[in-house]
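Chemist: The chain contents come next:
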Amino acid sequence: MNTVEFTALIGMGSLLAGFLGALTGLGGGVVIVPLLALVFHVDLKYAIGAALVSVIATSSGAAAAYVKEGYSNIRVGMFLEIATTIGALAGAGLALYLHASVIAVIFGLVLIYSAYASLREGQHEMKEQPPDRIATWLRMDGTFPGEHRLESYHVRGVPLGFAMMFVAGVLSGLLGIGSGAVKVLAMDKAMKLPFKVSTTTSNFMIGVTAAASAGIYLSRGYIDPGLAMPVMLGVLLGSLAGARVLARANVKVLRYVFSGVIGVLAIEMIYSGLTGRL
Amino acid sequence: MGEATVHRSDQKMDEIMGALLRTGVLLSAAIVFVGGGLYVTRHRVPATDYRAFHGEPGDLRTISGIFHEALSFSGRGLIQLGLLVLIATPVARVAFSFFAFLYERDWTYVFVTLLVLGLLVYSLFGRHGG
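Protein sequence lines correspond, in order, to chains W and Z.
Heads up, the first sequence is in numbering that gives the first Met the number 0, so the first residue is 0 and it goes up one at a time.
Heads up, the second sequence is in numbering that gives the first Met the number 0, so the first residue is 0 and it goes up one at a time.
These are calculated hints, taken from the structure and not from any lab test.
Each residue gets a CB set at the ideal place from its N, CA and C atoms; glycine is no exception.
Among the hints, erroneous ones may be present.
Computed list of lysine-lysine pairs in DSBU-like fashion (alpha-carbon distance at most 35 Å, straight line) [stated by the list, open to error]: (1) W/Lys-195 / Z/Lys-11; (2) W/Lys-251 / W/Lys-195; (3) W/Lys-188 / Z/Lys-11; (4) W/Lys-188 / W/Lys-251.
Non-contacting residues of chain W with respect to chain Z, defined by C-beta distances greater than 12 Å in every case (computed) [stated by the list, open to error]: (5) Ser-100; (6) Val-104; (7) Tyr-112; (8) Arg-119; (9) Glu-146; (10) Val-166; (11) Ala-189; (12) Lys-195.
This is chain Z alone, in the form it adopts within the complex (with noise of 0.2 Å):
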């Protein structure tokens, strides 16, 4: 296995990424927007008050609840679960490396893209109080 070869799959890697990457973040936005219109319309007066925190209800905390709440069609579900598809855009990135180095058969960049996606999962599927 020469120079050559691991620069073109490497190559190869770069542009499925940005793909993925566009993909996410055009998807995300799509769906952020939509929850925003409905939220918009429905949610006029008063403006919610951000000077204190109050932190959000259960159910826009939790990937669960915030499924549920998108498919009621709550415009702040809707959002939040935009969100959850940019923040899940990275982590999907991280997953795809995870394959593409297995594919390569680069044991050291398995085991690193691993320990990020673990770290990720973690954070993402854990329950942190507060």
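Only chain W is shown next, with the shape it has when bound in the complex (with noise of 0.2 Å):
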């Protein structure tokens, strides 16, 4: 294979990859690197360098609209950030200890998580919430558009919120995904978070995520400009595509037919993972 034929190849799995992650929300980077360590025998190294890079694109590219409809909790996306940027150090550097088999596995179970909670989706009520403490003193608490006026949220749950959120830094920064089911796990069912707001200012937190631990990636020679250029490119046009068919589509199949993919996706990780195949 030359080099065209392979950065076409791997522009194309990425742009479909980009494509059905924005369509169901669970973001193209989380199956980057299963494609690439799967489908084309990448290193995890260079996989999860790449599939890093394109996880701070689409989630700047998406944020840069979500910020702009007044979802997104600004204060709220700040504070869980030093968690966040923490645990993202913390997981960069975990990565140099840890074999590929035990990364593999463990990306195997978070993809399952990230396919489960992607099917969960829309069943959450919302409460209203008495005011916090902490959050009151953080002054997180925020308003959203609602259907007629700006509807108002009280946040609660800040230090279990926090200890999410390290966690899911500690995942982005070994896997090199965004986090994205954990973070909104954090908000949604720990800190009472409106669900809309939970979502977007998640998508926010993930690209400051991902930059702490990119940092590191670069220095150790992780990111490959020939494997992340077609990656980033690809899964950031193809990201950008789905968000537009979004509005129109009706994702409830779609979502189950790339949940099973996943859950396919993590079996195989799983399983090259504990027969040392990566």
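Combine the two chains into a complex, taking the hints into account.
Modeler: Below, the structure written as structure tokens:
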């Protein structure tokens, strides 16, 4: 295979991953690593480096639209970024000491959780929350555009949310993913933020979390330009296209299909890890 | 200072931040695209083997090395410069928030953003072996 063919193949795979990732809300980065490692037999370090870069691109591209709509809570995001960046630095450090097979198994488990979480999406109820002392002191309570007027909400569970965000950061730094599913879990379940606020704030945070480990990856030589180029451009274009189609598409069936694909990739990652083929 | 004042300046901050993010991503994608074009046309056969990890050469790992490579119009150097712009985009966003909170005299969040910024700068400028 020559460079043009290799670049085109990786680019097209990444385009599809970005497109489906945006449509289903799972993000493109999460399938890039298994795609590169299992299908193209790319070393896990290079795969993780390239995926991480594409995560920054999609997060920043999407966040540009979301912050304008007024859903994301910047104070909540900024405060929790302390936890995710420390976690990301720890995760990128941990990657040095863990064997590739261990990383592959953890990756598979996180994939399964992400697929499960995306299928459960939509099953959340919004209850009026009483104000919380820490959240009030940090001035986190906010508003978001409801159907008729601005709806205000109170934030709760800051310490638990902070701890969960640290875990999300570690996973992001270790696996080169955005950890969107864990971030949403922390904000939706622990901090009781409205669901739309959780997802957009999570997206807003992903870029900063990923940038924290990207610096370390770059200086360790994990980010290869020849590989990262088609991955980053492909995922970015695919996710932009996916976001456009999203408004008109019925994604329910697609979400099941994509979750199924992720489930298969997850089992394949775990199997490859356990048998030492990665 | 009422609730409404805080909210209005927050909204303006959101808009500038959105523009900042969009510019960073577009600029980065453009540089990566140009570098990619140079790389693919100059570097035909055979495709690089990624099955085993070798690590990047020193010049593609450090900020000064990447600038040096990009200025000599190496395709790989230009791609790496574009990726550096991409990594810098969220960092610039945090830096912008720092100044916005400073302007609002919101000292708690001035401290919060400064801390996050410090961690990002450590990651980007520190030397991490391996």
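Chemist: Minimum Cβ separation between W/Glu-146 and chain Z greater than 12 Å?
Modeler: With a cut-off of 12 Å, W/Glu-146 remains clear of chain Z, as the shortest Cβ separation is near 19 Å.
Chemist: Closest CB-CB distance from W/Arg-119 to chain Z, is it above 12 Å?
Modeler: holds, 29 Å
Chemist: Run the distance test for W/Lys-251 versus W/Lys-195: straight-line Cα separation, threshold 35 Å.
Modeler: Holds, because 18 Å separates the two Cα atoms, which is no more than 35 Å.
Chemist: With the threshold set at 35 Å, check whether the alpha-carbon distance from W/Lys-188 to W/Lys-251 stays at or below it.
Modeler: Since the Cα atoms of W/Lys-188 and W/Lys-251 sit roughly 23 Å apart, the hinted pair holds (cutoff 35 Å).
Chemist: Is the Cβ of W/Ala-189 more than 12 Å away from each Cβ in chain Z?
Modeler: holds, 19 Å
Chemist: Between W/Lys-195 and Z/Lys-11, does the CA-CA distance stay at or below 35 Å?
Modeler: Between W/Lys-195 and Z/Lys-11 the Cα gap is close to 21 Å, so the pair holds against 35 Å.
Chemist: Evaluate the condition: distance from the CB of W/Val-104 to the nearest CB of chain Z exceeds 12 Å.
Modeler: Answer for W/Val-104: holds, closest chain Z Cβ roughly 19 Å.
Chemist: Since W/Val-166 was said not to touch the interface, does its Cβ keep a gap of more than 12 Å from each Cβ of chain Z?
Modeler: Nearest chain Z Cβ is 17 Å from W/Val-166, so the label holds.
Chemist: Straight-line Cα separation of W/Lys-188 and Z/Lys-11 no greater than 35 Å?
Modeler: holds, 29 Å
Chemist: Is the nearest Cβ of chain Z still more than 12 Å from the Cβ of W/Tyr-112?
Modeler: Non-interface label on W/Tyr-112 holds, nearest chain Z Cβ at 25 Å vs cutoff 12 Å.
Chemist: Looking at W/Ser-100 again, its CB stays over 12 Å from all of chain Z?
Modeler: holds, 14 Å
Chemist: Against chain Z, does W/Lys-195 keep a CB gap of more than 12 Å to every residue?
Modeler: holds, 15 Å
The earlier numbered hints are all upheld by this structure, with none contradicted.
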